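Novice: Below, each chain spelled out in residue letters.
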Amino acid sequence: MFSKSLFKQSCKANGLMWTIITVAVCFMLCCVMLIAGNGELGETKVAIEDAVVQGELTSETESRAINYYEITDGALKFFDTSFSNAMADTGNVNSSYAIAANELGSTYYAQLLEKNGYSADSVEGQELKGVVFYAINPPELDASGNPTGENQFDKFFDYESLGVAAPDYKPYLQTLTSPNHEIERAKYAMTQSSVFLAGNMVKQENVELMLAQLKEYGITQQKFHEFGFDKFDFVKSLAENTIVDYRANLQYRLDNNPDNKSESEIKTELAAELSAGLLASLPDNVADALKEIGAADLYGTLVGSIFFKMAGLLLPIIYMIMTSNALVAGQVDSGSMAYVLSSGTKRKAVVFTQAVFLISSIFAMFVLTTITSVICLAIVDVNTGLTYGKLLLINLGAFLVMFAMSGICFLTSCVFNRSKNSMALGGGLNMFFLVATMLGLFGSPVLPSIIRMKALNAFNYVSLISLFDVVSILEGGLAFLWKLAILAAVGTVCYIAGSLRFEKKDLPL
Amino acid sequence: MTNSVIEIENLTKDYGEGRGIFGIDLQIRKGEMLGFAGTNGSGKTTTIRHIMGFLRPTSGSVKVDGKESWTHSSEIVKRIGYVPGEIAFPDLSTGTEFLKSQAEFLNVSNMNYAEYLIEKLQLDPRAPLKRMSKGMKQKTAIVAALMANPDIILLDEPTTGLDPLMRDAFLEIINNEHKNGKTIFMSSHMFGELETTCDRVALISNGKIADVADMNVIRNRTEHEYKIEFNNEADYLKFKQSGYAVVRDQPQYMQLTVSVSNDETSELFKSLKGKNVKFITEAVYNLEKHFKNVLHEEKENSNNVQ
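Same order as they appear, the protein sequences are chains E and X. With our numbering applied, the first sequence has no gaps in its numbers, which climb one by one up to 509 at the end. With our numbering applied, the second sequence has no gaps in its numbers, which climb one by one up to 815 at the end.
Be careful, since some hints might not be right.
To be verified - Mimicking EDC-like on lysine to aspartate or glutamate, the simulated pairs with C-alpha atoms at most 16 angstroms apart in a straight line are:
1) E:203 to E:245
2) E:346 to E:506
3) E:187 to E:50
4) E:346 to X:708
5) E:12 to X:613
6) E:215 to E:233
7) E:129 to E:73
8) X:629 to X:677
9) E:8 to X:633
10) E:187 to E:245
11) E:12 to X:606
12) E:170 to E:154
13) E:4 to X:613
14) E:170 to E:184
15) E:505 to E:245
16) E:504 to X:773
17) X:688 to X:708
18) E:129 to E:140
19) E:8 to X:613
20) E:348 to X:584
21) E:8 to X:708
22) X:643 to X:613
23) E:346 to X:613
24) X:609 to X:633
25) X:784 to X:809
26) X:798 to X:702
27) E:12 to X:518
28) X:646 to X:595
To be verified - Here's a subset of chain E near chain X, in silico, CB distances under 7 angstroms, partners left out:
29) 5
30) 120
31) 342
Stated by the list, open to error - Coverage of chain E stretches by chain X, computed from C-beta distances (three or more under 8 angstroms per stretch; other residues unrestricted):
32) 6-18
33) 344-353
34) 433-447
I should point out that these hints are in silico values taken from the structure, not numbers from a laboratory. Just so you know, these numbers come straight off a predicted model, no measurement behind them. Built from N, CA and C at the ideal position, the CB exists for glycine as well.
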């Protein structure tokens, strides 16, 4: 079945070409992976990504500022009522203050917890507690329930370095009955909720937490610092400005309310508008496009869809076309096959050996590209979703594409007695597939929609290479599996059909 | 019939438009050397390819050692040394490499015979295959075919491209093989070389066997033809009436071609004594002449039929 002598002869005849092509492919792969990995791949992408991240951070902060303000304002309102009632009963400011703070906890805070579905011990519950009580700054109690003389939030932040004072609501209680009290209270709520938000955001552990989350978007500590979200004054003024906007707008909308919307409706609407991120404020398709660019894994696309599916396939395809032709049709055409067949080697053995040589030489080529690409990925430091596992799958996929295409070439090589016919059909078909893939790339979703030419996507449906689904591999899907199975099946069928034909045909030797 | 090594029975391969071979019947006996003559495109190579089992017959059969060629190709070719008409070697660098590779295919471990052939043919196999002249390629192909010492040797126009000296060396090798009892089937369009070496020669014309000539019969003909020209008319006329069988008469040159049986040869010279003879030559009856006659007759027959 297998002729060792013939295999040796094929190695000698095609070895040099194999070596040259393999070295060239691996060299190209190195260049692509190393240069793209260490160079500034996609500066636009980085800039857009930064802008998007900054916008999202800002909108998140704004949304929190409004939320904090609403809660603080509500808490102060509630406190005012409770305090007036307690004053009427006791006449003592300090004890009334404690009673009101207590009621605030048991009623207002408890209601909020229930409304949002938080448990008191959860992170969210603790945060909410902070927002509710920060502006009141209730007196601290010792274990037996007696006041210690200090207030709960007196040491919550390092007020000295932040340049603000600890919250103190007591002075405002003097003017409880004056008509200005409501305005003063709102201002106080605004200031204190902004301080609480900013103070929390610039805390060392919170900055680190945020950086860890933003790392996957390529945000370094330096960039984060440039954005300003680790600076107290920046965050505080951002929050204050948002709240001022919010209040002014809220007042205006409540006064001019043609649709008779409820107050809470208007508040939700306004909060959403003011805190809208960068992307939400752009027209939908532009926003989508920017989001797409920001989210695109350029390195993965470059290595997977551009190299292994196109550029990197060109040379192996050339090798495959020439070799598959030289292994069978070329030898029949020139007549040199006569020496092999007249030595008593069966046709079945000839065709089997040549198929084994072709497949194993292509396999060896892709083993080497696999090794090269793994080494390159280990060297480069690049923000990409490309893992070693995915890289192996991509190499395997590229091999299976070559297997299927070499099957077609091998089939035509077995069918035709003339090299030129075998080359024209087998080689032409495979070059067509490659060119179709190149054209199809410009219309495929791999490219950002801004530069995509949708009409060209049709080419993806006529190319065998499309069954090599790099996108599915990169995204971690499973769709690529059945497509690769089809490629393997196409290759196997072609090799078998070619072998059967060669065994039965007339040979002009 | 039982000692026929190659039996071709009613072999037809129709390529359409009158091309191909039609109803070929040919037996090649063990130890025989059969020549296969014919013009270019007459079907020599097609017949040989059928013997090797490379082509499937449209009808009829070719058997080598009683085995059908097409179905048992890989078995029968082991007994055959084949020199193809078109010499094209595998994509290897030098002749030595090719011969080594071929020895591996043929399971030949002892290269002594190959070296003997190389020496005899004055071949330098170290030359790169691509740079070899036609003759060198031919020699290399002959060495490759003969080095396994096969029982049957199949040669498709083996001497084309060889210079006359090399052709003699080659024919000597073939003759030696023949003497060693090998069965040889050699095609050629040069009658001369077939004439001197072969036991029988088959003529193929337009895909059909026109004639199979036994060389012993041709070589040992009992009659010879002589062409005689006279210097004066009196002698010419006198000789014409002396009773020899005249094959051809050309009075304008005063030439006569007469057929004389071998035992009458001295008689002929006696009757020429005293006559003024300008020249006398023997018109040799060779293969070429024989086949010309055969084809001529065939043509006339077909004309008569029409």
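Novice: Hint by hint, say whether it matches the structure.
Specialist: Hint by hint, here is what the structure shows:
For the hint pairing residue 203 (chain E) with residue 245 (chain E), the CA-to-CA distance comes to about 26 angstroms; that exceeds 16 angstroms, so the pair is violated. Taken as a hint, the residue 346 (chain E) and residue 506 (chain E) pair is honoured in the structure, with Cα atoms around 14 angstroms apart against an allowance of 16 angstroms. Taken as a hint, the residue 187 (chain E) and residue 50 (chain E) pair is broken in the structure, with Cα atoms around 34 angstroms apart against an allowance of 16 angstroms. For a cut-off of 16 angstroms, the pair hint linking residue 346 (chain E) to residue 708 (chain X) is broken: about 33 angstroms separates their Cα positions.
With a CA separation close to 14 angstroms, the supplied pair residue 12 (chain E) and residue 613 (chain X) stays within the 16 angstroms bound. Distance hint between residue 215 (chain E) and residue 233 (chain E) is unfulfilled; the C-alpha atoms sit about 24 angstroms from each other, more than 16 angstroms. For the given pair, residue 129 (chain E) sits about 14 angstroms from residue 73 (chain E) by alpha-carbon distance, which is consistent with the 16 angstroms threshold. Pair hint residue 629 (chain X) plus residue 677 (chain X) holds up; C-alpha atoms about 11 angstroms apart against a cutoff of 16 angstroms.
As the CA atoms of residue 8 (chain E) and residue 633 (chain X) are separated by approximately 24 angstroms, the hinted pair breaks the 16 angstroms bound. Distance hint between residue 187 (chain E) and residue 245 (chain E) is fulfilled; the C-alpha atoms sit about 13 angstroms from each other, no more than 16 angstroms. For the proposed pair residue 12 (chain E) and residue 606 (chain X), the alpha carbon gap of about 10 angstroms is at most 16 angstroms, so the pair holds. About 14 angstroms separates the Cα atoms of residue 170 (chain E) and residue 154 (chain E), which keeps this hinted pair within 16 angstroms; it holds.
Restraint check for residue 4 (chain E) and residue 613 (chain X): satisfied, since their Cα atoms lie roughly 9 angstroms apart, inside the 16 angstroms limit. Pair hint residue 170 (chain E) plus residue 184 (chain E) holds up; C-alpha atoms about 12 angstroms apart against a cutoff of 16 angstroms. For a cut-off of 16 angstroms, the pair hint linking residue 505 (chain E) to residue 245 (chain E) is broken: about 86 angstroms separates their Cα positions. Between residue 504 (chain E) and residue 773 (chain X) the CA atoms are separated by roughly 62 angstroms; this puts the pair beyond 16 angstroms, and the hint is violated.
Between residue 688 (chain X) and residue 708 (chain X) the CA atoms are separated by roughly 12 angstroms; this keeps the pair inside 16 angstroms, and the hint holds. The straight-line distance between the Cα atoms of residue 129 (chain E) and residue 140 (chain E) is roughly 15 angstroms, inside the 16 angstroms bound, and the hint therefore holds. Taking the CA atoms of residue 8 (chain E) and residue 613 (chain X), the gap is about 10 angstroms. The hint holds against a cut of 16 angstroms. With a C-alpha separation of about 13 angstroms, the suggested pairing of residue 348 (chain E) with residue 584 (chain X) holds against the 16 angstroms cut-off.
At roughly 42 angstroms between alpha-carbon atoms, residue 8 (chain E) and residue 708 (chain X) are farther apart than 16 angstroms, so this suggested pair is violated. Taking the CA atoms of residue 643 (chain X) and residue 613 (chain X), the gap is near 25 angstroms; set against the 16 angstroms cutoff, the hint is violated. The hinted pair formed by residue 346 (chain E) and residue 613 (chain X) meets the criterion: a straight-line CA distance of about 15 angstroms does not exceed 16 angstroms. Our distance criterion of 16 angstroms between C-alpha atoms is met by residue 609 (chain X) and residue 633 (chain X), whose separation comes to about 14 angstroms.
Among the hinted pairs, residue 784 (chain X) with residue 809 (chain X) is inconsistent with the structure: their alpha-carbon atoms are about 39 angstroms apart, more than 16 angstroms. Of the pairs offered as hints, the one joining residue 798 (chain X) and residue 702 (chain X) holds, with about 14 angstroms between alpha carbons and a cut-off of 16 angstroms not exceeded. Restraint check for residue 12 (chain E) and residue 518 (chain X): the C-alpha separation of about 42 angstroms exceeds 16 angstroms, so the hint is violated. Between residue 646 (chain X) and residue 595 (chain X) the CA atoms are separated by roughly 10 angstroms; this keeps the pair inside 16 angstroms, and the hint holds.
A distance limit of 7 angstroms between C-beta atoms decides the matter here; for residue 5 (chain E) the minimum to chain X is near 4 angstroms, and the interface restraint holds. About 83 angstroms separates the beta-carbon of residue 120 (chain E) from the nearest beta-carbon of chain X, more than 7 angstroms, and the hint is not met. Checking residue 342 (chain E) against chain X by beta carbon gives a least distance of about 4 angstroms; that is within 7 angstroms, so the hint holds. With 6 residues having a Cβ less than 8 angstroms from any Cβ of chain X, the region 6-18 of chain E passes the three-residue criterion, so the hint holds.
A count of 4 residues in the region 344-353 of chain E with a Cβ less than 8 angstroms from any Cβ of chain X is obtained; the coverage claim is therefore met, three being the minimum. Remark: the region 433-447 of chain E is not confirmed as covered by chain X, as 0 of its residues place a Cβ nearer than 8 angstroms to a Cβ of that chain, below the required three.
The structure does not agree with the numbered hints 1, 3, 4, 6, 9, 15, 16, 21, 22, 25, 27, 30, 34 stated previously, though it agrees with the rest.
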